[in-house]
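Produce the entire structure from the sequences given, and follow the hints as far as they go.
Number of protein chains: 2
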Amino acid sequence: MSAKSDGTRLEAQFAFLNEADRLKSVLRATTLCDGSRRENSGEHSWHLALYALVLADQAAPGVNISRVIKMLLVHDLVEIDVGDVPIHSANGLAHASTDTQAAESRAADRIFGLLPNDLRDDLRAIWEEFEAAETPDAIFAKSLDRVQPVMANLQSGGGTWITYSVTAEQLESRVGSKIAKGAPRLWEWVREKTHRFFR
Amino acid sequence: MSAKSDGTRLEAQFAFLNEADRLKSVLRATTLCDGSRRENSGEHSWHLALYALVLADQAAPGVNISRVIKMLLVHDLVEIDVGDVPIHSANGLAHASTDTQAAESRAADRIFGLLPNDLRDDLRAIWEEFEAAETPDAIFAKSLDRVQPVMANLQSGGGTWITYSVTAEQLESRVGSKIAKGAPRLWEWVREKTHRFFR
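These protein sequence lines map, in sequence, to chains A and B.
Following numbering that gives the first Met the number 0, the numbering of the first sequence begins with 0 at its first residue and continues without gaps.
Following numbering that gives the first Met the number 0, the numbering of the second sequence begins with 0 at its first residue and continues without gaps.
Treat the hints as calculated values from the structure; they're not laboratory data.
Every value quoted in this text rests on a predicted model; they were computed, and no experiment measured them.
Don't be surprised by glycine CBs; every beta carbon is placed ideally from N, CA and C.
There could be a bad hint or two in this list.
Label-pair ranges, simulated between beta-carbon atoms [stated by the list, open to error]:
1) B:Ser104 <-> A:Arg184: 32 to 38 Å
2) A:Ser24 <-> B:Ser104: 49 to 55 Å
3) A:Ala55 <-> B:Ala101: 30 to 36 Å
4) A:Glu10 <-> B:Pro183: 14 to 20 Å
5) A:Ala167 <-> B:Ala93: 46 to 52 Å
6) A:Gly112 <-> B:Thr134: 32 to 38 Å
7) B:Ser88 <-> A:Glu10: 29 to 35 Å
And the structure:
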């Protein structure tokens, strides 16, 4: 590659990487485990990637952990434009609404569109795979995305379950069923720990 | 695996993952790109993993990007006990001091020691590989760890270069030489952009 075309490519790569920095300023409903402040979506994405490394033995046979990690690294970037939509907000209806999905698709156009075309297509495709939650890799990635806030709530004394007055049935349908789909033994073990918050 | 031994293993996996959450409270000298606050080491680790995904074409032939990402996800965990030691602090002498290295080794014993033995050995080994900075994967990972604060300083108007009164020669020896070792074309391109801060 010539120095000039290399420079043009690097400009596009860093336009994206510098824009991605803004994910560190998107706040989630969940707090840190010590309850000291709300978690941001950048550090959340790091924690999930670490979850994938450490909980790889909970994935179904054939799940590619490196692809799961790649997916988790980019899964929340659209929140730079759209913000985080808490799973328990608006009585559980906002998270997967048509409006939210359309806004996220426009955000993906803009943010992944900063990249050189090959990287744009690659990262956009893996983000769409995550959103569709149909492949084994995406199903496992979604399980981790759902279980990490549960662990934070367990540590912080209830967290968003109290904020949003969540019931055991809502936890099961909005969260547990998604964890169980990709990591059934994991949800069985975690659910046991949630019981004391849902009496 | 029996349900009981699976539960014991999960306890150890989550002892580590919950402890890792504390990395989000370790503050670095560098600020976010918008200068609004100091960056923490958890979100920094996410950003570096994204750097590895997006700048893979800057790595030497044979570098395994999935291993680089794994390395970057765990590279700063010892800071939970030791804190971040800024590269330009104490006139550039604190970062690689014998005292810092000994403290980081004890931190690695404790933190990776929370994991089941197989994961402890695997993640401890990849952390040591990063620290030694001798393999192609580790050399590239180090390049990214050095270039990301440069990009933040460029965005935020000088950042830690001003805080620590860094000279062009110090930037070259403490930062540029490390970036160039793993990603020579990248440093050539980035150095050009730093010139206006070092007149």
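Going through the hints against the structure:
1. Between serine 104 (chain B) and arginine 184 (chain A) the beta carbons are some 34 Å apart, a value that agrees with the proposed interval 32 to 38 Å.
2. In this structure the supplied range 49 to 55 Å is violated for serine 24 (chain A) paired with serine 104 (chain B), their Cβ-Cβ distance being about 34 Å.
3. Between alanine 55 (chain A) and alanine 101 (chain B) the Cβ separation comes to about 31 Å, which falls inside the hinted range of 30 to 36 Å.
4. At about 18 Å, the beta-carbon gap between glutamate 10 (chain A) and proline 183 (chain B) stays in the expected band of 14 to 20 Å.
5. Distance hint check for alanine 167 (chain A) and alanine 93 (chain B): the Cβ-Cβ separation is about 51 Å, which falls inside the suggested range of 46 to 52 Å.
6. For glycine 112 (chain A) paired with threonine 134 (chain B), a C-beta distance near 35 Å keeps the hint of 32 to 38 Å intact.
7. At roughly 31 Å, the beta-carbon separation of serine 88 (chain B) and glutamate 10 (chain A) lies within the given 29 to 35 Å, and the hint holds.
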